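Visitor: Please build the complete structure, drawing on both the sequences and the hints.
Quick mapping for you: the protein sequence lines, in order, are chains Z and H.
Going by the UniProt record's numbering, the first sequence opens with residue 1, and the numbers climb by one from there.
Going by the UniProt record's numbering, the second sequence opens with residue 1, and the numbers climb by one from there.
Don't read these hints as lab results, they were simulated from the structure.
Computed from a prediction, not measured in an experiment: that's the story for all the values here.
Treat the hints loosely; a few may be bogus.
[Stated by the list, open to error] A few chain Z positions that, by computed beta-carbon distances, are all more than 12 angstroms from chain H:
1. V18
2. L31
3. L159
[What the hints assert, rightly or not] The calculated DSSO-like cross-link candidates involving lysine-lysine, where the alpha carbons are at most 30 angstroms apart (straight line), are:
4. K323(H) to K113(Z)
5. K322(H) to K113(Z)
6. K325(H) to K113(Z)
Just so it is clear, CB atoms sit at the ideal spot from N, CA and C, and this is done for glycine as well.
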Amino acid sequence: MKTLLQNREVLLAVLIVVLVLMVGLVTHDFLQLSNLLAVYNDTSILIILALGQMLVILTRCIDLSVAANLALTGMVVAMLNSTYPDVAVPLLVLAGALLGLMLGMINGVLVWKLGIPAIVVTLGTMSIYRGIVFLLSDGAWVNAHEMSGAFVSIPRTELLGIPVLAWVSVIVIAVMVHFTRHRRLGREIYAAGNNPTAAFYTGIQVGRLQFVAFSISGLLAGLCGYLWVSRYAVAYVDVAAGFELQVIAACVIGGVSIMGGIGTVQGCVLGALFLGVINNALPVIGVSPFWQMAVSGAVIVIAVIANAKSERKAGRIILKKAALQTR
Amino acid sequence: MEKIMHTPSLPKLSLSTRLFSWEFFLLLITAAVFVINSLASPYFLDPWNLSDATFNFVEKAIVALPVAMLIISREIDLSIASIIALASVAMGFMAQTGADSALIVLAGLGVGLLCGLVNGLLVTRFQIPSIVVTIGTMSLFRGISYILLGDTVMKDYPQDFAYFGQGYVYAMFSFEFVLFLVLALVFYLLLHKTNFGRRTYAIGNNPTAAFYSGINVARHRLILFVLVGLVCGLAAVLLTSRLGSTRPTIALGWELSIITMVVLGGVNIMGGSGTIAGVFIAVFLMGLVTFGLGLLNVPGIVMSIIIGGMLIGVIAAPVLLKKFKNRKPGS
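Guide: This is the structure we're talking about:
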């Protein structure tokens with residue numbers, strides 16, 4: 001039992017269940033299956049983005065441009081749809097995902113080939129991508145009535161009682177579990193982040209894996225561009241503004257080490273769900289939305305303190321005192 | 001996020017050559033921007049315009065100075081803009097109680113210092129990477145501002161409080177600008193002429209080695225975080241005084257432009273190198289670019305494309321040049 005509770009994923013899952021039950025005590029409707037499904041559905045985009053971000057963080061990089069990537073692809077897809085309403089939606093989704101992939105590859109190439117630190121690259125591309133949204137749209141919105149019926153309705157369509165949006169996240173989770181556990185590329189990403197020097201000597205190209213991670217993160221952001229715009233039935237410049245921090249927070253809460261090499265898909269998903277439950281629960285128990293930001297900030301701080309304790313044990317530390325003092 | 005050794009390490013130029021060339025490079029770009037600006041807009045060279053243009057960037061520039069030192073020591077603070085907001089909110093509440101300007105300023109500085117202390121303690125006591133800590137406190141501090149203010153605005157500041165953000169020294173220069181020049185000198189002396197500054201470089205270059213040479217790394221970093229917080233409080237005083245009001249969205253997104261200024265100034269985001277002179281020039285470069293674009297009626301979000309491109313371009317240029325040189329046969 002003790003070891004079970006020391007396991008981060010179990011602890012997080014228990015925390016989420018307790019949180020849900022507590023909210024359920026105040027508002028009984030919260031515990032209904034349909035509502036819980038709605039909470040999951042609401043968190044789907046965060047889950048997908050967090051999984052992409054996790055790969056990037058595993059390689060010791062960070063992607064601050066995910067939300068801007070999402071906004072740009074979302075705007076492009078929405079504008080395409082409003083100009084050419086006859087183009088099939090799956091084609092648009094594909095176009096969005098490819099555009100997102102391209103934007104991610106730009107980040108990746110700059111990090112890989114030019115050796116610019118990821119935080120600098122994505123800080124730059126974040127404002128560039130967001131600025132391009134403005135140039136493309138001229139600051140105008142694409143509203144619901146300009147979008148075709150299929151474009152808006154597909155993510156809401158229910159299959160087996162669950163919306164397509166939620167299904168997409170389930171599929172992404174499944175693919176990611178397979179990728180990180182059973183694919184060579186996925187294992188190499190862990191190796192590259194865990195000990196780049198060792199990885200280099202085993203013939204793993206660290207830079208190339210960083211590129212791969214950025215590309216996947218971009219691809220998922222592009223996919224989410226469509227999902228976000230169609231779900232809220234509106235595209236504008238500030239779509240998902242500041243969302244990159246939520247995404248990174250989900251990873252951190254889920255136990256992904258910002259120093260690279262450590263993190264699991266299930267942890268990441270639980271981290272995202274934890275934030276999702278909090279965001280959905282606060283209004284339900286009558287807390288003003290102004291609290292939301294402070295609460296999620298406090299949660300992040302508490303989570304990283306918990307992280308710091310579990311992470312430090314990893315590896316053999318020869319110069320213990322120095323390692324403690326300096327990381 | 002350390003840069004990794006997948007490429008063989010290149011022989012390093014001596015520090016002074018490299019830094020000199022970087023600042024020289026920045027100066028060239030700044031001069032070019034100045035010329036382009038004066039050609040593009042007839043209003044640019046007006047001394048009054050130029051002087052007033054400083055308002056738009058000196059508040060950020062003041063924060064960039066301690067942040068540069070923090071980044072040199074291998075840490076980062078993403079919560080700076082949120083600290084400014086929270087300090088501004090504190091000043092708003094102080095002003096509502098009818099306090100005089102001195103007390104209001106003290107409240108702003110005090111809250112800034114406290115926020116820096118929180119960041120510093122979290123980073124040094126629990127040994128957590130500062131990027132995650134400050135992503136958390138960034139939401140936390142900003143969130144507290146939202147809780148306290150909701151969607152209201154506070155603007156009951158006393159009349160003489162306006163001097164900090166709107167006053168002029170020697171009729172021509174704004175108080176803010178003069179303060180920035182003084183602070184730049186102070187930080188130049190602190191980083192380049194004192195033991196404290198030397199230790200900052202030592203820590204950034206190799207924290208473990210620094211620790212074993214007797215430097216109290218944790219305490220040093222704690223002091224730097226507190227310093228950043230304090231200066232954020234000062235920036236909050238200037239900004240609040242200039243705007244004459246406080247709302248929870250004040251200084252939103254500033255952390256990115258401040259860190260851009262620092263990185264553009266040649267401070268290595270991985271720690272260990274950078275100069276105040278570089279940051280000083282980068283501040284003017286960004287100020288000139290935004291001012292020039294503003295005169296041409298370019299919207300702010302388009303400026304952000306240019307600044308983002310500039311950030312990547314300026315960092316990439318030396319790397320690309322080196323690659324290009326290496327490609328030539330025989331060299």
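Visitor: Does each hint fit the structure? Answer for all of them.
Guide: Hints, verified against the model:
Its beta-carbon lying about 21 angstroms from the closest one in chain H, V18(Z) satisfies the requirement of being farther than 12 angstroms from that chain. Here L31(Z) stays apart from chain H, with its beta-carbon at least about 27 angstroms from theirs, past the 12 angstroms limit. At roughly 35 angstroms from the closest C-beta of chain H, the C-beta of L159(Z) stays outside 12 angstroms, upholding its exclusion from the interface. At most 30 angstroms may separate the alpha-carbon atoms for a hinted pair to count; K323(H) and K113(Z) meet this at roughly 10 angstroms.
Of the supplied pair hints, the one linking K322(H) and K113(Z) holds, its CA atoms being roughly 12 angstroms apart against a limit of 30 angstroms. Restraint check for K325(H) and K113(Z): the C-alpha separation of about 15 angstroms stays at or below 30 angstroms, so the hint holds.
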